[in-house]
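Start from the sequences and build out the full structure, keeping to the hints where you can.
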Amino acid sequence: MESVAKDDYKIQSFDADTQQLLKTALKEPASVDLEKVASVIVEQSMKDLVFSKEAGRICYTIVQAENKQSGNSNFRRYILIRLQQEFLVKEQLRERSVNDWVCLVTFICNIFDYLKVDCLVLQLHRIGEQLQRMNTQRMDDLFCQLRDGFLLQHQPSSLSRLLLLEIIEFRAGGWRMSENAHKYYYSEVAD
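Counted from 1, the sequence shown has number 166 at position 166 by the UniProt record's numbering; the numbering is strictly sequential.
Read the hints as simulated data drawn from the structure, not as lab findings.
Hints should not be assumed to be uniformly reliable.
Just the calculated beta-carbon pair ranges, DEER-fashion [as the list claims (entries may be wrong)]:
id, residue 1, residue 2, range
1, L151, Q92, 15 to 23 Å
2, K90, T136, 40 to 48 Å
3, R147, K47, 32 to 40 Å
4, S13, E91, 35 to 43 Å
5, T136, Q85, 42 to 50 Å
6, L49, Q19, 26 to 34 Å
7, D140, E91, 22 to 30 Å
Cβ atoms here follow ideal geometry from the backbone N, Cα and C, with glycine treated the same way.
Right, here's the structure in full:
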């Protein structure tokens, strides 16, 4: 997973300096201007549909790295501010360029896809076992839906699929994670 997380981003469309800025932000976010990184990502996402799909994964990785490194979430704030600015002028954007509008919406969907699934998984890690004891049938129903979302949804992002698989495995393991499974799912964060 490490090689996918850091080496496989589609950032070739940027000039060499911007590529270096993004690579550094992915590894050491505290050492770069995260507001500039957020602007670069949003600007490119509005021009390049392929990148707008990739940008959600890049943002998620930077948020995770920043949180691990400093416990802050400045990058998330900068991204959200920048997206709000674009969203406020969405009608003008749509009139000016339908393609830019589609790219922006794609980027926003990718950002929030990760956040919703990540939030659900985090809460299930914290209180899933208690919920299981309180109402096994509802948890069975929920996990059937999570399984179906993992298997049948129209192409959830690879990170969302990984998060869903991880929580399904966590529950199947009696709300415990084996050492090997932990290494598999969290090797990116550990490095």
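Quick rundown of the hints versus the structure:
For the pair L151 and Q92, the beta carbons lie near 40 Å from each other, so the given range of 15 to 23 Å is not met. Distance hint check: the CB atoms of K90 and T136 are about 44 Å apart, consistent with the given range 40 to 48 Å. Separation of R147 from K47 is about 37 Å and conforms to the stated range, judged on CB atoms against 32 to 40 Å. Under the hint 35 to 43 Å, the C-beta atoms of S13 and E91, about 27 Å apart, miss the expected range.
About 46 Å separates the C-beta atoms of T136 and Q85, a value consistent with the hinted range of 42 to 50 Å. Checked against the hint of 26 to 34 Å, the C-beta distance between L49 and Q19 comes to roughly 19 Å, which is inconsistent with it. The beta-carbon spacing between D140 and E91, approximately 45 Å, falls outside the hinted interval of 22 to 30 Å.
In this structure, the hints that do not hold are numbers 1, 4, 6 and 7, in rising order.
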